[in-house]
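Chemist: Here is what each chain is made of, one letter per residue.
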Amino acid sequence: MADLTGPFDTGLASAGPGPFNRLARAQYAALIAMRTRIFANNFRTSAGAFEFGARAISYFIYSLMGFGLGVGAGSVAFSLVSHNHLHSLFLEFWAICILWQAISIALASLQEHFDLGNLLRFPVNFGSFYLLHLIFGLVDVSTLAGGLSCLGLLTGITLARPDLFGATVIALLAFAAFNILLVRAILAWLDRWLAKRRSREIISAVFLLATVSAQLLNPVLREDQPFTHHHHAGGPRTGELRPWVNAVSTAQAWLPPGLASAVVGEADQHDSTAIAASLGILGIFVLGAGGLLGIRLRAEYRGENLGEAPSRSKNEKREAAWHIAGSGPMSAEIEKELRTLFRSMPQLYAVFVPMVMVVIIGSLFRTGATAIAHPFRLAIPICVAYGLLGFTQLIYNNLGAEGKGIQLVFLFPVPLRTVILAKNLFHGALYIFVALVSGVLASLRIGRPDPDVIAATFGWLTFALPANLAAGNVISLTMAYRVNLGRIGRQSGSQANALLSMLIQTTILGIGVGVISLCNIFDRLWLAAPILLALAVVTVLAWLTVLRNVDAMANARRDTLIAKLVKTE
Amino acid sequence: MDQAAIQTHGLARRFGDLIAVENVTLTVTQGQFFGFLGPNGAGKSTTIKMLTGLLEPSAGTIEILGQPFSSTALHLKRQIGVVPEGMALLGRLTATEYLRFVGRMYGLDRATVERRTEELLEFMQLANERRKMVTDFSHGMQKKLALAAAVIHGPKVLFLDEPFEGVDAIAAGMLKTMLQGMIQHGATIFLTTHVLEIVERLCSHVAIIHQGRLVANGSIEALRAGVASILPGAESGQRLTLEEIFLSIVGAGGGEPVQELSWLT
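So the protein sequences, as listed, match chains W and H.
Remember, the numbering used here sits 1 above the position in the first sequence when you count from 1.
By the numbering used here, the letter at position 63 of the second sequence is numbered 57, and the numbering carries on one by one without gaps.
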């Protein structure tokens, strides 16, 4: 048997198990040194410095939003505890929990993804792998928003009742740990499921069912509200649902948000046994979420690679029997884009999840959650605009999915303009389709919009599409980053692109909101469509100008573009 | 005089302060199988990228088939085929879809694309894998597919950057036969590889680049004669291998080489 203790013995090989042994600590130190070097090396190029600046600005904005949530959570908690309504605190815990999970799922495609698979060639033990996965995952919007909300909650409760500080801290720490682990577990499993065809189909079916259920359930629950559009005669009344509501209320008390809020209530009653019991059950949930994540990470640790989808059986028919008409480069490019999109569930997820969220937003407008006495007149354009959020990556990084194939774009005897035009036409068609479906879904929830609102929405779309395509083409050529089609999250080196594309989209949205709101305030909503169509002439001209110059721009940045998209990390 | 398929004059590329390629002037005549050699980091891939329009030269000129070449010379791009470093494959397409896509991008009509795709898949022994996504291919299969894509439009000049890396012996033999067939039909092939035996067997002419500069250029026989005359210890009449020629020209690098690793002895 080979003697491995000779020249290869580093002295740390038998450092013992666990994530904090000597070898693991040495590895953390090496990782910290490596990250520090990468951080410092960022400043060697202007692009790297810009990327860092963009990241700093992004996190500042996220922190402000989180701070706002924290202040809100703190104020509500202060009010509830001051007025001795501790029994209602569970609502806040639930709101934070749902927000925490929903943000991470809704923004999954916009979040940066850290692939720790590269670490597996080193003698990294599973404990360290798990810990590193958690630590790297902490730097995201949901943790920031959820963490600051918890901090706000703690401040609010403590200001109202300083004696509850100790119990609240413990409850919130366990609650936060549960949320962090659950988010990581959901995202890790989602990545896994979306990489497998059968799971993709199951998830799609669950999504569809959930949407339909939400559609059906909501009218039933809101039946007694005064501004119902679709009255279901003979449907169940809220009174009939009371047993269900009571059952849900009881069940929630056994779930983490209910348990965490119960700890605060029990501290108020100085019931240490109950506190210990609630914390114990909460601890079991934390371990459960950690275990769920552990099962997934264990598979990755053993070498499962989700970077690319697992292969199907050898001769399974993969090619759909369809072709785009025409034999030219334009149709070839569109056909390739279509096939690539439909083979990348993460990309489909990014495009279609906002559309599903439209149903929920539509319900908010309908139930008066916006504190407006009747359904908001401009809810439809808002829903349509939201439904289009998923196009950020596709339009603003339209070469990112080419990967190493970017070299082909420069090798083909075809002007880049043709390739970009084909991509724009494909994305534009998809954009219009998603806008239409979002509009229809929103109308089903909110009610049929006025012709003026439809016209204004159409005007905004006509203005926004070429504006997005023009800006998207420029950003795609100047701030491209490689997209891994098998992963949900954004890839590294994409912060500058993300920030700038969001700013541009916000501006485009802001112009639409400004025009439509002003016309609405002056009761001249019919005027919005012609104004936006006039602005659309400008954006169409801008798009055509960008297209005309696309080859020159690409050639000027060819080296960087190829280097960025071909590189593997 | 034979017409030049590739001609460069004073070709150079700098990356900031680093000079990757400097003053490379060479001529590859039509129908030649040309080997472009050099140690790691010598500037081979940088040169091939400039010759195929993937990289802008910092200085110098390139002519392909007698015409000035730049990245915008689309009519010349139709005449060249490339297997670039990294292969430029699209992982989410099947082998068939990828070849169809490339063929159409080179302007072939659909019927021609279909016919050539089938022939290429059969020839490259990829027919049974045609419905697999490229990302599921082994490295060797990806190389074969990249080569198939490079020749689908029948290029007059073919640039190959390490085409035999990771390809098994059977496939390598098949590819060599195909490439020699192309040469017999008048195509020009510009090949970079570290496998010197392949170059010795296939190429009639070679150029050696070292630290960005062209240090040798000519037929293998001429280089052999030149090196034999100056190489100390070379017996008269001894036939030097290309490896010996290469090592004598490029050497083992400056300084005293480290012979052993302290912790492995």
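Don't read these hints as lab results, they were simulated from the structure.
Certain hints may be false.
Below are the DMTMM-like pairs computed for lysine to aspartate or glutamate, each with C-alpha atoms no more than 25 angstroms apart in a straight line [stated by the list, open to error]:
hint	chain 1	residue 1	chain 2	residue 2
1	H	K170	H	E112
2	W	K565	H	E79
3	H	K150	H	D11
4	H	K150	H	D103
5	W	K565	H	E108
6	W	K565	H	E50
7	H	K170	H	D103
8	H	K170	H	E215
9	H	K150	H	E112
10	W	K565	H	D11
11	W	K565	H	D130
12	H	K150	H	E116
13	H	K170	H	E159
14	H	K150	H	E57
Chemist: Give a verdict on every hint.
Modeler: Hint check results:
no.: 1; hint: K170(H) to E112(H); in the structure: holds (20 angstroms)
no.: 2; hint: K565(W) to E79(H); in the structure: holds (14 angstroms)
no.: 3; hint: K150(H) to D11(H); in the structure: violated (36 angstroms)
no.: 4; hint: K150(H) to D103(H); in the structure: holds (19 angstroms)
no.: 5; hint: K565(W) to E108(H); in the structure: violated (33 angstroms)
no.: 6; hint: K565(W) to E50(H); in the structure: holds (16 angstroms)
no.: 7; hint: K170(H) to D103(H); in the structure: violated (28 angstroms)
no.: 8; hint: K170(H) to E215(H); in the structure: holds (21 angstroms)
no.: 9; hint: K150(H) to E112(H); in the structure: holds (21 angstroms)
no.: 10; hint: K565(W) to D11(H); in the structure: holds (20 angstroms)
no.: 11; hint: K565(W) to D130(H); in the structure: holds (23 angstroms)
no.: 12; hint: K150(H) to E116(H); in the structure: holds (22 angstroms)
no.: 13; hint: K170(H) to E159(H); in the structure: holds (13 angstroms)
no.: 14; hint: K150(H) to E57(H); in the structure: holds (14 angstroms)
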